[in-house]
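A.B. asks: If you want the building blocks of each chain, they are given just below.
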Amino acid sequence: MDAILLQTLNGLDKGSAYALIALGLTLIFGTLGVVNFAHGALFMIGAFCAVTFSRLFSLSYETLDPTKKDFLGNPLKVKTPYLEGWFGPELGGTLIDWAVPLSIIFAIPVMIFIGFAMERGLIKHFYKRPHADQILVTFGLAIVLQEVVKYFFGANPIPTPAPMAFRGSADLGVLIGMDPNVVIYPVWRMVYFFFAAAIIGAVFSFLQFTTFGMVVRAGMADRETVGLLGINIDRRFTIMFGIAAAVAGLAGVMYTPINSPNYHMGMDFLVLSFVVVVVGGMGSLPGAVLAGFMLGILESFASMNAIKSLIPGIDQIIIYVIAIVILLTRPRGLMGRKGVMED
Amino acid sequence: MFGLEKKDTSLLVIVAILALFAPFILNPFPTESGLAQFNAGYPDLMQRFVIFGIFAIGFNILFGLTGYLSFGHAAFLGVGSYSVVWMYKLLDYNILPGLVLAVITAGIFALLIGFVSLRRSGIYFSILTLAFAQMSFNLAYSVLTPITNGETGLQVYNNDKQILMSAGDPTSPHLFGIVMNKSANLSIAGWDFTFNNGYYFCAVILLIVFYLSIRIFRSPFGMMLRAVKTNQTRMNYTGLNSRPYTLAAFVISGMYAGLAGGLMAAMDPLAGAERMQWTASGEVVLMTILGGVGTLLGPVLGAGFIKYFENIFSKINDNVLHGWFSFLPDGLENLLVGIIHPFVGKGWHLTLGLLFMLVVIFLPGGLMEGGQRIRERFGKKKGGGGGKDAEHHPKEAPHVAE
Numbered sequence: 001m002d003a004i005l006l007q008t009l010n011g012l013d014k015g016s017a018y019a020l021i022a023l024g025l026t027l028i029f030g031t032l033g034v035v036n037f038a039h040g041a042l043f044m045i046g047a048f049c050a051v052t053f054s055r056l057f058s059l060s061y062e063t064l065d066p067t068k069k070d071f072l073g074n075p076l077k078v079k080t081p082y083l084e085g086w087f088g089p090e091l092g093g094t095l096i097d098w099a100v101p102l103s104i105i106f107a108i109p110v111m112i113f114i115g116f117a118m119e120r121g122l123i124k125h126f127y128k129r130p131h132a133d134q135i136l137v138t139f140g141l142a143i144v145l146q147e148v149v150k151y152f153f154g155a156n157p158i159p160t161p162a163p164m165a166f167r168g169s170a171d172l173g174v175l176i177g178m179d180p181n182v183v184i185y186p187v188w189r190m191v192y193f194f195f196a197a198a199i200i201g202a203v204f205s206f207l208q209f210t211t212f213g214m215v216v217r218a219g220m221a222d223r224e225t226v227g228l229l230g231i232n233i234d235r236r237f238t239i240m241f242g243i244a245a246a247v248a249g250l251a252g253v254m255y256t257p258i259n260s261p262n263y264h265m266g267m268d269f270l271v272l273s274f275v276v277v278v279v280g281g282m283g284s285l286p287g288a289v290l291a292g293f294m295l296g297i298l299e300s301f302a303s304m305n306a307i308k309s310l311i312p313g314i315d316q317i318i319i320y321v322i323a324i325v326i327l328l329t330r331p332r333g334l335m336g337r338k339g340v341m342e343d
Numbered sequence: 001m002f003g004l005e006k007k008d009t010s011l012l013v014i015v016a017i018l019a020l021f022a023p024f025i026l027n028p029f030p031t032e033s034g035l036a037q038f039n040a041g042y043p044d045l046m047q048r049f050v051i052f053g054i055f056a057i058g059f060n061i062l063f064g065l066t067g068y069l070s071f072g073h074a075a076f077l078g079v080g081s082y083s084v085v086w087m088y089k090l091l092d093y094n095i096l097p098g099l100v101l102a103v104i105t106a107g108i109f110a111l112l113i114g115f116v117s118l119r120r121s122g123i124y125f126s127i128l129t130l131a132f133a134q135m136s137f138n139l140a141y142s143v144l145t146p147i148t149n150g151e152t153g154l155q156v157y158n159n160d161k162q163i164l165m166s167a168g169d170p171t172s173p174h175l176f177g178i179v180m181n182k183s184a185n186l187s188i189a190g191w192d193f194t195f196n197n198g199y200y201f202c203a204v205i206l207l208i209v210f211y212l213s214i215r216i217f218r219s220p221f222g223m224m225l226r227a228v229k230t231n232q233t234r235m236n237y238t239g240l241n242s243r244p245y246t247l248a249a250f251v252i253s254g255m256y257a258g259l260a261g262g263l264m265a266a267m268d269p270l271a272g273a274e275r276m277q278w279t280a281s282g283e284v285v286l287m288t289i290l291g292g293v294g295t296l297l298g299p300v301l302g303a304g305f306i307k308y309f310e311n312i313f314s315k316i317n318d319n320v321l322h323g324w325f326s327f328l329p330d331g332l333e334n335l336l337v338g339i340i341h342p343f344v345g346k347g348w349h350l351t352l353g354l355l356f357m358l359v360v361i362f363l364p365g366g367l368m369e370g371g372q373r374i375r376e377r378f379g380k381k382k383g384g385g386g387g388k389d390a391e392h393h394p395k396e397a398p399h400v401a402e
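Chains as they are written, first to last, in this note's numbering: chain G, 1 to 343; chain W, 1 to 402.
Please note that the accuracy of each hint is not assured.
Pairwise CB distance ranges, derived in the manner of DEER restraints [claimed, not checked]:
#1 G:Ala-155 / W:Leu-332: 23 to 33 Å
#2 W:Leu-111 / G:Ser-205: 48 to 58 Å
#3 W:Thr-171 / G:Lys-79: 55 to 65 Å
Beyond 10 Å from chain W on every Cβ pair, some chain G residues (computed) [said to hold, decoys possible]:
#4 Leu-5
#5 Pro-66
#6 Gly-88
Simulated from the structure, these hints should not be mistaken for lab results. We put the beta carbon where it would ideally sit given N, CA and C, even for glycine.
If we strip away everything but chain W, and leave its shape as in the complex, we get (with noise of 0.2 Å):
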């Protein structure tokens, strides 16, 4: 189907059913229930999911084929939300202007600075792509206030022209109509699903976008990219020149990020210069690490991972815990409080920081080579014990001169 193989359709079927069916996947207790904490299914964490998953695939294609770690994709991601708010401010409240801007936005700037920072590899690129970042962040923070408004952040005011805006018109995002704040609610003898307007639009991008990311994965520009990663010198050897090669990754992946960025600004009409900061291109590396460097579904499982965590644990507060554990004797309550307390509420960063480091000692290939383990273990007698999927997991050896 669609020009995939087998094994790729099925994956993407997978994916799209997840994507679908996700208000009732993510909502699974019961709304009045103590457990109802952990339920992900309101619209916007589930925006957040296939966000940071779009931002996560386009990431992976850079970094997980060419083996290039760029510290810079939060510029793009800036670059992309300001776009779709200036397209709000001149137009209208249709986002469909404003994507399209983003992602070409993103792309000419992922071009210069790729074209800059590429000329070097390694250590290097981490370091020109994150001045790079951090040049347009301060930028943004301070000389630019004309078009980023500064520490304000860019938003929508009622004497802004919005010269296709017509009196009927939504007066939040929308597309043709289709407001994308608006829900649906459903409700079933105690659980309460909610589908929303933009939640949907965000899951078909995302299906779309993972479309894209299988055909590159499996295309030869994408053979193309894992040489990069295997071995560069051998590749200019036989006479190929890798510029262009990782130039167009590092464009895509540039352009994936403005698309999410946009979408950002889809949902919630807004744009701040921390969307730049380095921190949260470091976020997006952890979310990539975290899934499975250079595996397709591992970039989107990261992201949800983190968003669904980052968001259950900081809600965990110390009476939480005490429902908890209240079976317990005091004595031994308190305690195990006492223990979990730092990791959770406001010290989620501790948990993750942990998490991460874990990952990156114990399971370099992350969640998804996690899941490769366990199913090994299990159905050796079906597989034979093949090893590793050799397509999924390139050999490991960087390209950077050791």
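Isolated chain G, as found in the complex (with noise of 0.2 Å):
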């Protein structure tokens, strides 16, 4: 019982990331029409935007102080941040700590402003082509922006702590119940499943109660007709695909943490996605949500001991194959909608 808990909360983060991006990649696909391959690239810049974000906050000029010295015998030098400079050293301890989370406020401006840009720049002009084309240039566009992070950032993982509260584990089982040290589960983790479920509910409230979604909707079931009634479905669509890449990026920004960024971070996860996508259903919102937690759940199943040891290797494989049997079983995925990519 404790063991099936752990391995459900296991799952439960890499779900919340692999149903973000799948849910901005449907938002694109199902508006758009578009397959971006370029959608984990927008996930790695979302968490590049972190570590730029927490560096600007490091920023620090050096004083030397003339009472200690370093082991040479010159005066120590002493590098204090320009935030604890102005704010005083508690409050701006404090912003440097909390730097992961404050980046959101910066990333979500820059996440859709590269969205426009992307879509404004480039895909607008593919929507006519064949899907082959749509894959070809996003693929394309992919390994340009991970190229161009690499530049500057280097190739290693740069690790991005968590703020100090929500460092180190908390016993969950307590709560529950259950015996101390039983379900031990790390507390960030849990911030971004509980963050994950905010945007996803975030998202689906807005295309649900806004009349801004409700046109989107509407766009997404028959363009045309929309585009007949004077609306202007065009730029509606675009601002969807800022939205979407905004998602992505949070899903960046939050996950550094958890894993130190790397410039091809965003490509491992993508191949993925697209997996998730497709279990869930090209199109269907709730079946990429769905598709992301449940594939991830099983992944964390897959690699408990007793499982391993029963079918070696199925940690690897389990997510590629319950995709094949999907699409073979239920060609149009979960929750597929009808007519949608069909051949």
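Could you use the hints to bring the two separately framed chains together as a complex?
C.D. replies: Here is the structure:
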């Protein structure tokens, strides 16, 4: 029982990342009909927004401290971050400590801008081209973005810690009346899960309860008719592209404490997210979320020792096996809409 | 000749001449001159040109003719390499049994994967092949370690059986005594030319598979595959089942990939799982697109182009750049070097990505279409401006539902 609970929890954080990326992919696919291979790169850029932001926060100036000596006998150089200089050590230190969550504020406009630029500058010209061309051009774009980030940040993973308050693990088992030290779970992963749930909820309610969202949903169902009613649907779809980019970016921002970002993290997630989208059903938002969590949890179950000794290597391939089985038995995916990408 | 039309015969002859004289053609600069770094006439690189050429020709039979975009062809490449190394371990260093096995195992793998994947088309097909390839890659890395030797990569050890090995046999890959990594050298007035056994072996194989691909392109079978690309639904309505044709194309292109992987191991007796990674599949897609999808010569050109520039660009460093622009005033020199710096050396992938995007955006037909456009512009009087060659450029109609 506790093992099951623990594995479910373990699957949640990876599942949240899959779900967020897949949600963005599906938004783009459902609105613009474009298969975006550069979506993983957006996730990666989000993560590097957090890196940039925390670096900006810890920019510091050097002062000489005459009271202390370093080992050569020279006055010791002391680095003080500008923030601590401006706001005092207490508030400044807290701000630096909270750099990752705070970088959300910075990442949202950046990601929306990148999304707009991508859609207006490149993807707009590919609506009428075959899907193969869209895949290829976004694949090329992903390589370019990845290399640009590598040029500026280097190839090594950059550790970006979570705020002090969220480091370490919590004993969740005690909360629900189990023995202590049975279900221990890192706090930040829980934060990540709730954050992902909040974003998913926000996107869904935006689409469901606002006029803008209603128009977008109508456009997803029948773009031409909405256009005939005199609504500028292209502009709204561009905004949706920006939102999808922001969702991927935020997923990346919050993921940095879990996994130190490096320039190819996007590609690693992209392949899996595509599998997630296909399993969930092309163009179905709930399907993407459901499949994301499902595959994340199944992946963590498959890496249990009991299951690995039964079927060796299952943890490596479980996602692909599920994708193959689903595509062959339910070609539309779990919750695929009728008439979307059918041959 | 060989049952080919006149035009195709001349194409084959041109390719044959290019392949046989490659050590001369690719070495246009004297060894001591400053431009020698642009030479590509050394065995390792020439072998890569030819091997990736074979890989891309095979991929083009699937993607160029049927329009099915596979993102998992690297799996067959890896399978081919592993087969050859296993034959070294079990029999001896003769490459022939290994290559035969490589083609057969890759064919069987392609049959299995193709049988499942080809039930779907379009993006679903791409994802399915991608899933299968990633699965093979992950398995090769983890559970199948007894067969693939995991992260270390498969290689021949001293305690391997090698039952056919006798005392005087060469201890590196050979073909009935002709050792692959042996070369003959020729020096003429400052030029050094290398004639490598392995390269010529690969080149002969390239010519054979190129000939086969021409025959496939011109055959009724090839017409059927084009019909699949143009309009599969209509083809089905006329009472034809397209599945056997697409499956045959998938298996053939898988066998080409297996052969290419086998040749890699034949040149260098190693096989690693990273050959199966999806980026390797992406690379062959890039080559085919860059050269020209659906054309005969395009994939080979694309493979050569990418491998050549990969090699040259990654060799250029800041010192070389400073050497080039040293005639300029210092400020301008540093500025130019600063601008070019991110695109060369380790940044070669950035150039590749940009180039690839530009090709997809402006020149969907690849280098071949570029060449054709140039020829049309200059030779309008002669050809009467007949437009595109209908056979080399079947109409771009995706069989995927839009």
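A.B. asks: All hints, please: hold or fail.
C.D. replies: Results of checking the hints against the structure:
{"no.": "1", "hint": "G:Ala-155 / W:Leu-332: 23 to 33 Å", "result": "31 Å, holds"}
{"no.": "2", "hint": "W:Leu-111 / G:Ser-205: 48 to 58 Å", "result": "49 Å, holds"}
{"no.": "3", "hint": "W:Thr-171 / G:Lys-79: 55 to 65 Å", "result": "59 Å, holds"}
{"no.": "4", "hint": "Leu-5", "result": "27 Å, holds"}
{"no.": "5", "hint": "Pro-66", "result": "40 Å, holds"}
{"no.": "6", "hint": "Gly-88", "result": "41 Å, holds"}
Consistency with the previously given hints is maintained throughout, with no hint failing.
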